[in-house]
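Turn these sequences into a full structure, and let the hints guide you.
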Amino acid sequence: MGRLKLFSLLFGVGLVSALVPVLTGGCTHCDEFLECTTKPGLRYVECGNKQHEFNDGVSLDDEDSAWDYCFCNRSRLLCENGTSLRMCNYMTYDGSTAAQFNDGTYAELTSAVATCLEYDGCAVANARCNFGGWYLSCARGDERVYISGEGAIFKDEKNAVDTCVARGSGGYACEPIIDDCEDLDSCASSKACSEFCSSPACFNNKNAAACIADPACRWTPK
Amino acid sequence: MTALRTLLAAALSTALALPTPALAAPAPAPVAAAPVDWSATFPPAGVSAHLGDKRPNIIVIAANPGSQAAAAAFRAALTASKKAGVVIDGQALGAVDSLDDRGIVERAKVLPVQQIVIVRVFEGSPGDPPSFIAMAYGTDGAVAVALSGTAGVPLPEPEPPTEVSVPDPVADTGDEAPKAPEEPAEAKQAREAAEQEYATKRLDGTWGALRQGTPGTLISPAQFYAALGRDDLARQVDKRRKTRLGVALGGGIAGGGLLAVGLTFLILNATAAKYGPDFGPDDPLRGGTDRVRYPLSMPVSGALLGVGAALLLGMGVFLGVYKTHPIGRRETPGLIDGHNRELRQKLNLPPEQASVRLAPSLGASNGLVLVGRF
Numbered sequence: 220m221g222r223l224k225l226f227s228l229l230f231g232v233g234l235v236s237a238l239v240p241v242l243t244g245g246c247t248h249c250d251e252f253l254e255c256t257t258k259p260g261l262r263y264v265e266c267g268n269k270q271h272e273f274n275d276g277v278s279l280d281d282e283d284s285a286w287d288y289c290f291c292n293r294s295r296l297l298c299e300n301g302t303s304l305r306m307c308n309y310m311t312y313d314g315s316t317a318a319q320f321n322d323g324t325y326a327e328l329t330s331a332v333a334t335c336l337e338y339d340g341c342a343v344a345n346a347r348c349n350f351g352g353w354y355l356s357c358a359r360g361d362e363r364v365y366i367s368g369e370g371a372i373f374k375d376e377k378n379a380v381d382t383c384v385a386r387g388s389g390g391y392a393c394e395p396i397i398d399d400c401e402d403l404d405s406c407a408s409s410k411a412c413s414e415f416c417s418s419p420a421c422f423n424n425k426n427a428a429a430c431i432a433d434p435a436c437r438w439t440p441k
Numbered sequence: 043m044t045a046l047r048t049l050l051a052a053a054l055s056t057a058l059a060l061p062t063p064a065l066a067a068p069a070p071a072p073v074a075a076a077p078v079d080w081s082a083t084f085p086p087a088g089v090s091a092h093l094g095d096k097r098p099n100i101i102v103i104a105a106n107p108g109s110q111a112a113a114a115a116f117r118a119a120l121t122a123s124k125k126a127g128v129v130i131d132g133q134a135l136g137a138v139d140s141l142d143d144r145g146i147v148e149r150a151k152v153l154p155v156q157q158i159v160i161v162r163v164f165e166g167s168p169g170d171p172p173s174f175i176a177m178a179y180g181t182d183g184a185v186a187v188a189l190s191g192t193a194g195v196p197l198p199e200p201e202p203p204t205e206v207s208v209p210d211p212v213a214d215t216g217d218e219a220p221k222a223p224e225e226p227a228e229a230k231q232a233r234e235a236a237e238q239e240y241a242t243k244r245l246d247g248t249w250g251a252l253r254q255g256t257p258g259t260l261i262s263p264a265q266f267y268a269a270l271g272r273d274d275l276a277r278q279v280d281k282r283r284k285t286r287l288g289v290a291l292g293g294g295i296a297g298g299g300l301l302a303v304g305l306t307f308l309i310l311n312a313t314a315a316k317y318g319p320d321f322g323p324d325d326p327l328r329g330g331t332d333r334v335r336y337p338l339s340m341p342v343s344g345a346l347l348g349v350g351a352a353l354l355l356g357m358g359v360f361l362g363v364y365k366t367h368p369i370g371r372r373e374t375p376g377l378i379d380g381h382n383r384e385l386r387q388k389l390n391l392p393p394e395q396a397s398v399r400l401a402p403s404l405g406a407s408n409g410l411v412l413v414g415r416f
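Those sequence lines, one after another, are chains A and B. Using this note's numbering, you'd call the opening residue of the first sequence number 220 and step up by one each time. Using this note's numbering, you'd call the opening residue of the second sequence number 43 and step up by one each time.
Be careful, since some hints might not be right.
Cross-link-like lysine to aspartate or glutamate pairs, in silico, DMTMM-like; alpha carbons within 20 Å at most [what the hints assert, rightly or not]: (1) A:K441 x B:D324; (2) B:K388 x B:E234; (3) A:K269 x B:D324; (4) B:K124 x B:D139; (5) A:K374 x A:E394; (6) A:K441 x A:E254; (7) A:K441 x B:D325; (8) A:K441 x A:E394; (9) A:K441 x B:D320; (10) B:K151 x B:D170; (11) B:K365 x B:D274.
Selected chain A positions facing chain B (in silico; Cβ < 8 Å) [to be verified]: (12) L261; (13) C266; (14) E272; (15) G276; (16) D280; (17) S315; (18) A317; (19) F320; (20) F350; (21) A385; (22) G389.
Hints are computed from structural coordinates only; laboratory data are not their basis. All C-beta atoms, glycine included, are put in the ideal place defined by N, C-alpha and C.
Rendered as structure tokens:
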């Protein structure tokens, strides 16, 4: 009987010492994931009050840092007037966007970027992106430029699309994003429409790069 | 009948009260060879009344100087009674003056006899005739009959003999008791003191529950060995207890702690998928954590669990094998009996009667233990 009591005591001590860190650490229940916009395919989950987990392996303790990592790109866009801004896209969260200037002020993203780069206007494009990817399409007269979420400016749209698509072997397919090839400026610009300029045949694009380059298609997870 | 019983009881109590060395030692003073008619003292019917119809072979031994004539008369009376088989003297035993009754019986029981009669004669006061004591034993050492009387006074015609057991003292039957040799008050007091000391110091119990005294209080193994006078074993007990405590504490805390920690994190890790982050079935990156990060991973938790369990198991096996007692369970009764026997000898007390009893046994194997003393 005495031996049993001793074992129980020792086991209890061990158990309590093991459980204390867990118990004092609070509940580890996690919320549903959010689709991030800074990197295609990046997802964010908040567990308890201190754990902020990303599916690229990053784990952050601070909620603001986690929020920025998920929705605001780190590189800043240099403006014509010498200032700079940081682009934040919360479209997967609440549909909003924002630009954060040097002085800490905020403005609506598309107009702020257009002003910054002295373009007539900009629009968020994500039709050819997958997951939460996006880029800006800006116009000045007939001139068009495409700005990736990281702030890189491209003349060719497919290069901007390339930054907003998560690749992956298996589990992806090249799917049409338009019903009729006539919607394109030129059927010749699309491999899916070049043969028959009717319904896009995106399956002709055998890999992610070909699909990304096709304006009628999107590299889509199944 | 009552007179005879009283006589026998008084004689026996006198014999028992005498310290063994006293019995073993020669009589204080040899009886003078006064002309005593021992044949009148031992009528055939008086000395053979306890024999029954089996006609046992009997040896009659003169156990102290001056008792030869009485022993010869006793032998002659037995022969004349025709109730005994062969009646022999004690010549075959050699000198027995220095032996007590137990020693004489031990020596005589190898002979082809069924009863051993030991005769001792004691000188009376000046002018008084000598007295005698004749103890008849079976070959097993049990007293068959005890006779005593005075030279020249015939043993009364007895009624069927009374078996007397040892060591139960016969109660004093009252004022009507004849003037048999009574235990002196000092001797009685000394005997009672010895019995009390024996009752206090005697050992009893079993390996798992040792007791000392009467009725017996539980004592520790160290106290047990100290009572036996085995200080070496008592020191071993102390050393073994410390070793066991160290192993129990070390193994228990380390093993129990590791087991608990390992088990806890094993469970937490196993259930983490349920409560941990879920990045969806189409997680495109799959490079991140898919569960809550605990300080210990599943393999490490399992390893700790195994090590802890092994430590506890090893500790249990060690404690099961490495007992506090340095001696085995079967040696304990022998040690207890030896101690009690030596204690009685030291206190000049007669050996204990055979006894059989059941005692509870607690320890590695619980149950009842049959304890016997023969």
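Results for each hint:
For the hint linking A:K441 to B:D324, the alpha-carbon distance of about 8 Å falls within 20 Å, and the restraint holds. Our distance criterion of 20 Å between C-alpha atoms is met by B:K388 and B:E234, whose separation comes to about 14 Å. Between A:K269 and B:D324, the direct Cα distance comes to roughly 26 Å. Violation of the 20 Å bound is thereby established for this hinted pair. Taking the CA atoms of B:K124 and B:D139, the gap is about 29 Å. The hint is violated against a cut of 20 Å.
A distance of roughly 24 Å separates the Cα atoms of A:K374 and A:E394; the hinted pair therefore is violated under the 20 Å criterion. Taken as a hint, the A:K441 and A:E254 pair is honoured in the structure, with Cα atoms around 17 Å apart against an allowance of 20 Å. Taking the CA atoms of A:K441 and B:D325, the gap is near 11 Å; set against the 20 Å cutoff, the hint holds. Taking the CA atoms of A:K441 and A:E394, the gap is near 9 Å; set against the 20 Å cutoff, the hint holds.
Taking the CA atoms of A:K441 and B:D320, the gap is about 19 Å. The hint holds against a cut of 20 Å. Distance check on the hinted pair: B:K151 and B:D170 sit about 35 Å apart at the alpha-carbon level, beyond 20 Å; violated. With a CA separation close to 16 Å, the supplied pair B:K365 and B:D274 stays within the 20 Å bound. Using the Cβ-Cβ criterion of 8 Å, the hint placing A:L261 at the interface with chain B is satisfied: the shortest such distance is roughly 7 Å.
Annotation: A:C266 was flagged as interfacial toward chain B, and the flag holds, the nearest CB pair being 6 Å apart, inside 8 Å. Restraint check, A:E272 versus chain B: the minimum CB separation of about 5 Å is within 8 Å; hint holds. With its C-beta approaching chain B no nearer than about 4 Å, A:G276 sits inside the 8 Å limit, and its interface hint holds. About 12 Å separates the beta-carbon of A:D280 from the nearest beta-carbon of chain B, more than 8 Å, and the hint is not met.
Evaluation of the A:S315 hint against chain B yields a violated restraint, the C-beta minimum of about 23 Å exceeding 8 Å. The criterion of a C-beta within 8 Å of any C-beta in chain B is not met by A:A317, whose closest approach is roughly 25 Å, and the hint is violated. Interface hint at A:F320: violated, since its Cβ lies 31 Å from the closest Cβ of chain B, which is beyond the 8 Å cut-off. Checking A:F350 against chain B by beta carbon gives a least distance of about 6 Å; that is within 8 Å, so the hint holds.
For A:A385, the interface hint holds, the least distance from its beta-carbon to any beta-carbon of chain B being 4 Å, beneath 8 Å. Proximity of A:G389 to chain B is violated relative to the hint, the smallest CB-CB distance being about 11 Å (cut-off 8 Å).
Comparing the model with each earlier hint shows violations of hints 3, 4, 5, 10, 16, 17, 18, 19, 22; every other hint is respected.
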